[in-house]
Amino acid sequence: MKYRIAFVAMLALVMQPASAQNKPATAKKGAKPPAAAPAEQKDAATLEFEKFRTQMEQEGNPAELFEVKGEEFWKTKRGPKNVSLAESCDLGLGIGVVKGAYVQMPRYFADAGKVMDAERRIVWCMVEKQGFKFDDLAKKPFASGEYTPEQTSLVTYVAGQSKDMKIAIPLKDPHVKDVYEIGKEIVAYRAGPYDFSCNTCHGADGKRIRMQNLPNITTAKGSLTAVLGWPGYRMTGGVMLTPQWRMGDCFRQQRFPQPKYASDTITALLTYMTANANGQMYKGLGIKR
Amino acid sequence: MADPMKIRAQLKGDVAEIRVLMGHAMETGQRKDAAGKTIPPHFIQSMTVEVGGKKVVDGQVGTSVSRNPVFGFKVKGAKAGDKVVVSWVDNKGDKRTDEVAVA
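Chains as they are written, first to last, in our numbering: chain D, 1 to 289; chain C, 1 to 103.
The set of hints was computed from the structure by calculation and includes no laboratory data. Note that the Cβ used here is the ideal one computed from N, Cα and C, for glycine as well. Check the hints yourself; a few may be wrong.
Stated by the list, open to error - Using C-beta positions, here's what the derived DEER-type ranges look like:
1) D:135 to C:17: 43 to 53 Å
2) C:15 to D:54: 19 to 29 Å
3) D:77 to C:36: 33 to 43 Å
4) C:58 to D:59: 16 to 26 Å
5) C:30 to D:210: 21 to 31 Å
6) D:59 to C:32: 27 to 37 Å
7) C:3 to D:135: 25 to 35 Å
8) D:263 to C:65: 33 to 43 Å
9) D:54 to C:99: 25 to 35 Å
10) C:65 to D:283: 24 to 34 Å
11) D:172 to C:36: 51 to 61 Å
If we strip away everything but chain D, and leave its shape as in the complex, we get:
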């Protein structure tokens, strides 16, 4: 169908060069909608996934269980220094403020001298304020099977507190802008045994792997899809996973060496992706197949 319309439009151009010159708008009109179609068109599989997701979100996303746990971790006095994060940790909006903090991270933290994403900041607070050892936290930083690290629940809680708020990464801050640019470069960096970059699959509309549609993270809409998924509960294995995990897994799939936990690389990627989604609504915790 789309080829036929394009073909007809081309024919029109060939056969009537004079009138086509006079009316370039008409010729373009005929060709444009089909060209945009692959991004808009939703196949049956996508629709089923969406149906499943809305149903799970309404009926109870198991991610909420981790939200409850995270809240407890946030509010109780813990760690060698016996302080709570609620009375010591600043997520950018003041000590202990969680409402709306998630949609404004990654951001620059002067006390740490670094741009940090939510999980990295929480880990920083756990180390600096509560006295946990970073190496202990980084030993098994992501959920597997029955085990869920404390920081995962904490990220889930903090993210849940920004439900239905607009994403607003402070790109005006030169520190954040720098990191954003680094992220942009990483996304375009081609290497590894298969010689491809993030952009190879996520830099254009209408790409897919098997039945999975791939979001174009260079666009506002596509990056929002990516941001909305994590932190999310993954039905396969029943585990709660964070954006940090997702980014690391991207490197694994790319056959790259995986970056260290809570590293600059991951923050840069998250800054790039989240800032591309600026101005749009964060709908709360995700649920994945």
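Dock chain C against the given chain D, drawing on the hints supplied.
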């Protein structure tokens, strides 16, 4: 030990829609770990739901139910403010009770 449940109870007309999220491993006893050893079964065996002091569900749950399960019920004749009490007991004798008021 047992993790808290998340319960929602909303009144629609005179029907209360109750949704319960339980945090539980729900191990079937059929899986093996990385070392090839069988992971012992650990699952919720029975659950009850009370609305306004009246038992409305007394059920048995088995290993075919997923990890961190979600249950939904519709209860007729509930009123706003009625207390919804959900409890479960697993095969190791671990239990948990949580409650919420119908909104």
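Do the hints match the structure? See the list:
{"no.": "1", "hint": "D:135 to C:17: 43 to 53 Å", "result": "holds (47 Å)"}
{"no.": "2", "hint": "C:15 to D:54: 19 to 29 Å", "result": "holds (21 Å)"}
{"no.": "3", "hint": "D:77 to C:36: 33 to 43 Å", "result": "holds (41 Å)"}
{"no.": "4", "hint": "C:58 to D:59: 16 to 26 Å", "result": "holds (22 Å)"}
{"no.": "5", "hint": "C:30 to D:210: 21 to 31 Å", "result": "holds (28 Å)"}
{"no.": "6", "hint": "D:59 to C:32: 27 to 37 Å", "result": "holds (32 Å)"}
{"no.": "7", "hint": "C:3 to D:135: 25 to 35 Å", "result": "holds (27 Å)"}
{"no.": "8", "hint": "D:263 to C:65: 33 to 43 Å", "result": "holds (39 Å)"}
{"no.": "9", "hint": "D:54 to C:99: 25 to 35 Å", "result": "holds (28 Å)"}
{"no.": "10", "hint": "C:65 to D:283: 24 to 34 Å", "result": "holds (28 Å)"}
{"no.": "11", "hint": "D:172 to C:36: 51 to 61 Å", "result": "holds (56 Å)"}
In terms of the numbered hints stated before, the structure departs from none.
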